[in-house]
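> Sequences listed follow chains A and B, in order.
Start counting the first sequence at 1; every next residue gets the next number (this note's numbering).
Start counting the second sequence at 1001; every next residue gets the next number (this note's numbering).
Simulated from the structure, these hints should not be mistaken for laboratory data.
Just so you know, not all the hints are guaranteed correct.
What the hints assert, rightly or not - Using 25 angstroms as the maximum straight-line C-alpha spacing, the simulated BS3-like pairs for lysine-lysine come out as follows:
no., chain 1, residue 1, chain 2, residue 2
1, B, Lys-1178, B, Lys-1067
2, B, Lys-1119, A, Lys-226
3, A, Lys-38, B, Lys-1132
These are the residues of each chain, in order.
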Amino acid sequence: MLLQLHEYLQYSFVRYAVIVGVLIALCSSLLGVTLVLKRYSFIGDGLSHVAFGALAIASIMKVTSTTLVTMPLTIIAAILLLKGGQSAKLKGDAAIAMISVASLAIGYMLMNVFSTSANVSGDVCSTLFGSTSILTLRQSEVMICFVLSIVVIAVFIVFYNKIFGVTFDESFAKATGVRAGAYNLLIAVIIAVIIVLGMNLVGSLLISALIIFPALSAMRLMRTFKSVTITSAIISVVCALLGIVVSILYSTPTGSTIVCADMAVFLVCYVIDRVRTA
Amino acid sequence: MAFIKCIDLSVGYEGKAVAEGLNFEVNEGDYLCIVGENGAGKSTLMKTMLHLTKIIAGDIEYGDGLKPYEIGYLPQQTITQQDFPASVKEIVMSGNLSKLGLRPFYGKAERDEAKRNMKRMDIYDLRNKSFKNLSGGQKQRVLLARALCASTKLLVLDEPVSGLDPKVTADFYQLIKKLNAEGMTVIMVSHDIHEGLRDATHILHVTGKQLYFGEASKYTDSEAYKILTSVELTKGDK
Chain A
1 MLLQLHEYLQ YSFVRYAVIV GVLIALCSSL LGVTLVLKRY SFIGDGLSHV
51 AFGALAIASI MKVTSTTLVT MPLTIIAAIL LLKGGQSAKL KGDAAIAMIS
101 VASLAIGYML MNVFSTSANV SGDVCSTLFG STSILTLRQS EVMICFVLSI
151 VVIAVFIVFY NKIFGVTFDE SFAKATGVRA GAYNLLIAVI IAVIIVLGMN
201 LVGSLLISAL IIFPALSAMR LMRTFKSVTI TSAIISVVCA LLGIVVSILY
251 STPTGSTIVC ADMAVFLVCY VIDRVRTA
Chain B
1001 MAFIKCIDLS VGYEGKAVAE GLNFEVNEGD YLCIVGENGA GKSTLMKTML
1051 HLTKIIAGDI EYGDGLKPYE IGYLPQQTIT QQDFPASVKE IVMSGNLSKL
1101 GLRPFYGKAE RDEAKRNMKR MDIYDLRNKS FKNLSGGQKQ RVLLARALCA
1151 STKLLVLDEP VSGLDPKVTA DFYQLIKKLN AEGMTVIMVS HDIHEGLRDA
1201 THILHVTGKQ LYFGEASKYT DSEAYKILTS VELTKGDK
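The following block holds chain B by itself, in its conformation from the complex (with noise of 0.2 angstroms):
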């Protein structure tokens, strides 16, 4: 059984597709790698495993031991959030919420995993400080925190390294592989293939169909491949 089995799924909103008949899993340690072009409903299939946008046909099944909602989610940043007034520490607190259930505050177990994972992400001692105030690469750490309380199985990152310079791009991926090299399972919506394609374990390439899932390392023989490179080879020439 898998973290998360997807059965002739269909992705899309307000009751269209925009992406058909995908058919792949995701197992426990995996790091699997979604690319595709701009509107081909990669987001879309992320938003929908995370329960933010409604199947339209289609099946996800959870399992091996991984709760419906027990997914860390790195949103991509709102433009609220660039005026929101709130510390390091609340933000990552907050990933805790669903923990919280009906008791209205937070307790020691909550504290302990924010610290922990404050301490993890190297943002520890930036717990006062305003989030608004922050660097990009910091952002995200703080985010990938409050991540990490929400569950300790499963990451799924949304385009995480858009708006970052190459150098904190680079550290970022490196933080995430080695999240993953530590156990933790994770899922990045991405359209940089070539970086995808050197730290992901599987790769889902999406394109209003499914054109191709698989390992990683076999992905550069693929006819999918070749069309993805081939787009990127022509909009370079202009």
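Looking at chain A on its own, in the form it has when it is part of the complex (with noise of 0.2 angstroms):
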């Protein structure tokens, strides 16, 4: 089996592939905690099927590379539902569902009537689930996640302390002058850019998946912010790779693959957190 491997390895485009998933991986994983505290859950749920329907738009435009139709359009969508959110008129839930489902109603539409693939339902179901083997991506789209999640590692890196502050205490941070608006739509415009990546390897209806389970075992874990990011990251990093080489030996499907690695992960840490409080 691990002669196996060696042999896949031996191959550029599988190297590549192991790193950009494990990139998307750790980017994901970042944002997760503060997603789960502001209670942005759902907007990173909404936004992946924004992030579908504008996949489909992108395909029948047949563009070299669907990254750059799908970013700018879900990047907007983003901003937009958190505008949508804060203002108290339209229900920010109801938006967002109104959204998500028309973006898949148009999303499928479209692939249906302007696809000339000979699969629809095969590319929909990839669409929505990932490739079946991250094998499949092109070389053209592993150049773009690899370059877009070192950019958000960075921007993370560089934000850590305000995006611990308006996460925190977004009232303390707006008082003593934080411009806490301008960083909530970076979180939201860094949500955008980490779910289009992350479509790339788990597909639109598993990003929420990557995002959100790795920091809530790493806070059954942990007790500090920082060791929280650290650890949900490592989990994050773990998951996915464990779950590229299984779907490399046993061609299983690499998203279920991965948010399975993931699930099991943090039922462990669930049960090592009662079993300590107990």
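Combine both chains into one complex, guided by the hints.
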């Protein structure tokens, strides 16, 4: 089995896929705590559906890299959802539900009507649940994912203290002159970028899991923001590596394998926490 | 020139005023207690002074060396914070956030300031403990240390003793009194009029409009005080 893995890793495209997978997993875990605690999880979920619709548009436009279309559309949706959630007129969650289902419907419609591919349901399935194998990612996608992951990680580190401030206590941050609105916007944009990146790895329906599970697991084990963030990154990377390797060896779908690994780790962490506090 | 001067101020939300015609000032070294019934606009007034809510009408002037955002704020605790993974040190440190400006990380000056305020609030030994596992009184001291990092001049406290037991409440008031004696200007929103009266130098009574503003010692003779206490008495009867 190890031999087989070694053989696979001889190919440069396999190595790139593994590196990109790990980077995406690392990115998506970083904002998990913020997302969970700011009650933004639903935005993540809503955005992933928007990204599905955007991807459908991108694929009928036949652009060389779908990310170039899905990224701006998802970022715009993120900004609109955040602003919508703050205004009291249209209830935030209702707006998100509306945008979610509308994007799903439009996306599926477009893919069916305009698709030139012989296997429409296969296309839809891989958009929803990720490529059946991460190895099918194209070279250009791999490069874009690589660059964007590095950008997300860098932005997170640079704004780490500010993200903590507005997550823990937005009113206090505002009262002391921190531009909380701008940082909320930054958080929303990073989430959008992460979702589009993660779609390549686990698909639009499963990306929320990639964001939230590692953070929830780490919160069971650790008690400070820094240690939770680091632990969540480690858990996410380990699960992604494990998931990718298993999916290559046993030809299981990459996305669901990674999410299953995340779930298993969460269960272990949950039990550890219960035993410890009991 | 006062630290904060409110001129014909109206406060409220979504364009609707909940309290109007507020005229008062807070000077360096004052201990102002804002009292009034629930929904009387005292919390909204406080949020307006902190720039969290827009002014409906009138004006607030900040002066005497106090910058508009140089305020140490002790908010009421939110539900989010009860489950938040953060150490005491991380939270106190975040009081320095506005000093960072464009810098991404805290420097020695901020770390020293956080350490000094943790020692001052007697929570330095708890610095690596998780916030959510602390007692109510300890949590308030952590948030107070954070507020002290944000300002050396003015503290604004929003119902700081709600949910604390009598012993801890007394200790907390003692702590505020001590800070005030050391030169810290204090504005406290409270529905606990009796405690407020004991330590405060000034009282502002708000119920839709300004019923009283002046020295605390003269407040008990005012009409406003009689209204407030009679309301409390009728509540007590039920």
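> Against this structure, judge whether each hint is valid.
Results of checking the hints against the structure:
The straight-line distance between the Cα atoms of B:Lys-1178 and B:Lys-1067 is roughly 24 angstroms, inside the 25 angstroms bound, and the hint therefore holds. Among the hinted pairs, B:Lys-1119 with A:Lys-226 is consistent with the structure: their alpha-carbon atoms are about 22 angstroms apart, no more than 25 angstroms. Between A:Lys-38 and B:Lys-1132 the CA atoms are separated by roughly 16 angstroms; this keeps the pair inside 25 angstroms, and the hint holds.
Of the numbered hints listed earlier, not one is contradicted by the structure.
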